[in-house]
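Asker: Take a look at the letters that make up each chain.
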Amino acid sequence: MESILELSGVTKSYGSKHALRDVSFQIQPGKIIGLLGSNGSGKSTLMKIAAGLMQPSSGQLLVCGEPSGPRTKAWTSFMPDKPLTESWMRVKDAIGFYQDFYSDFDEAKANEMLQFMNLNPSDKISTLSKGMNDRMQLTLALSRNAKLYLLDEPIGGVDPVAREKILDAIVKYYNEDSCLVISTHLVRDIERIFDEVIFIKNGNVVLQEEVETIRFTRGKSVDELFKEVFAE
Amino acid sequence: MTIVFDNNMPIYIQIMNYVKKQIITGKLSPGDKIESVRDLALELQINPNTIQRTFQELEREGIVETRRGLGRFVTSEESTIMLIKKEMAGELLERFVQGMKELGFNKNDIIAIVTDAVKDGGSDKHPDRSE
Chain A
1 MESILELSGV TKSYGSKHAL RDVSFQIQPG KIIGLLGSNG SGKSTLMKIA AGLMQPSSGQ
61 LLVCGEPSGP RTKAWTSFMP DKPLTESWMR VKDAIGFYQD FYSDFDEAKA NEMLQFMNLN
121 PSDKISTLSK GMNDRMQLTL ALSRNAKLYL LDEPIGGVDP VAREKILDAI VKYYNEDSCL
181 VISTHLVRDI ERIFDEVIFI KNGNVVLQEE VETIRFTRGK SVDELFKEVF AE
Chain B
233 MTIVFDNNMP IYIQIMNYVK KQIITGKLSP GDKIESVRDL ALELQINPNT IQRTFQELER
293 EGIVETRRGL GRFVTSEEST IMLIKKEMAG ELLERFVQGM KELGFNKNDI IAIVTDAVKD
353 GGSDKHPDRS E
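If you read the sequences in order, they're chains A and B.
Heads up, the first sequence is in the numbering used here, so the first residue is 1 and it goes up one at a time.
Heads up, the second sequence is in the numbering used here, so the first residue is 233 and it goes up one at a time.
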């Protein structure tokens, strides 16, 4: 089966600082992948490179077998950690904005998701709480019929109830032929929706494994393993 | 359906045990249709592939069967259901005996304690004490 995302030897430096060093991995369709690392480990840099928004200093990136470019960007739906919407927009304007930008945007799905998320189309985005804004951003990202979804910290900073709702929405609305990469450092709440996890530490990939294999062979949860690997 | 998961154990094994328990306690009857992978994934907030794997394993053990285009069903084979019941009872018993031995009880003590407990508990018959 062809990989949805393949990185080989990807390195990114900001001046003399290495954000990513020789990162290589492949991910297959139909999987939900957890990209896990502590703050400053290189998760967001990796997500931006995978989204084609940033060029690696060296190494190669392939999306569905093609090098990064306009075509691969059209297959990729990215939810950044900072919203792309403008403060003057209402919820319905944000939907319209995405619809104009992306030909794969599914309006029916967006409307269904808004309802599921308890978002009102006429609400102003600037008045939404942090949790509601995260729901909004997730709705925008998942309403596209993409091949690769990249969600950067979708549950960062929201309360447990909003977190549940976001996890529900991910399981309910993700497309089974695609691949979903979720970056987070909140492992415990979300580990049950992953197929595989990739641990990234100081810009290096230190582990890529199926979560059930971790539980089976090590007898511990992904969260415990995470704490071990990232202990200071 | 609610399960309290232990993230230290493979999730698919926990769901398998849960389904088996539902069958033994009669909450799922032989021949009953089982929820779809997607619905169950949503209900349990679990990765759909994990649910898929659970059903594959249950199918391999002959506990559920897929009928083309209709979905998944609990087996109608009473003998298979009896077998699960015995298997689960066996596991329970093994753990119990092991625990009692660790507490320092010998074979005769254990038999006496169990006989006593069964006698005490025999009067109040509450088959539905699960929830």
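These aren't lab readings, by the way, just hints derived from the structure by calculation.
Beta carbons: idealized from backbone N, C-alpha and C, even for Gly.
Mixed in with the good hints, there may be bad ones.
[To be verified] The list that follows gives simulated cross-link-like pairs (lysine-lysine, DSSO-like), each with its CA atoms no further than 30 Å apart:
no., chain 1, residue 1, chain 2, residue 2
1, B, LYS252, A, LYS124
2, A, LYS31, A, LYS201
3, B, LYS333, A, LYS172
4, B, LYS252, B, LYS333
[Stated by the list, open to error] Here are some chain A residues pointing at chain B (derived, C-beta under 10 Å):
no., residue
5, GLY30
6, LYS31
7, TYR102
8, ARG188
9, ILE193
10, ASP195
11, VAL211
12, GLY219
13, SER221
14, ASP223
15, LYS227
Asker: Given the hint that LYS31/A pairs with LYS201/A, does the C-alpha gap stay at or below 30 Å?
Answerer: Satisfied, since the Cα-Cα distance of roughly 22 Å is no more than 30 Å.
Asker: Report holds or violated for the interface hint on GLY219/A, using the least CB-CB distance to chain B and a cut-off of 10 Å.
Answerer: This hint holds: GLY219/A lies near chain B, its Cβ roughly 6 Å from the closest one there, short of 10 Å.
Asker: Regarding the hint that LYS227/A lies at the interface with chain B, is the smallest CB-CB distance below 10 Å?
Answerer: This interface hint is violated because 12 Å lies over the 10 Å limit.
Asker: When you check the alpha-carbon spacing of LYS252/B and LYS333/B, does it fall within 30 Å?
Answerer: holds, 28 Å
Asker: Tell me if the straight-line CA distance from LYS333/B to LYS172/A falls inside 30 Å.
Answerer: Roughly 47 Å separates the two Cα atoms, so the pair is violated.
Asker: Verify the interface restraint on TYR102/A: the C-beta must sit less than 10 Å from at least one C-beta of chain B.
Answerer: violated, 25 Å
Asker: Would the hint on ILE193/A be counted as holding, given a Cβ-Cβ threshold of 10 Å to chain B?
Answerer: holds, 5 Å
Asker: If you take the shortest Cβ to Cβ gap from VAL211/A to chain B, is it below 10 Å?
Answerer: Since chain B brings a Cβ to about 8 Å from VAL211/A, closer than 10 Å, the hint holds.
Asker: Hint check: LYS252/B vs LYS124/A, CA-CA at most 30 Å. Holds or violated?
Answerer: violated, 49 Å
Asker: Verify the interface restraint on ASP223/A: the C-beta must sit less than 10 Å from at least one C-beta of chain B.
Answerer: holds, 6 Å
Asker: Going by Cβ atoms only, is GLY30/A closer than 10 Å to chain B?
Answerer: holds, 7 Å
Asker: Less than 10 Å between beta-carbons is the criterion; does ARG188/A satisfy it with respect to chain B?
Answerer: holds, 7 Å
In summary, the numbered hints that this structure violates are 1, 3, 7, 15.
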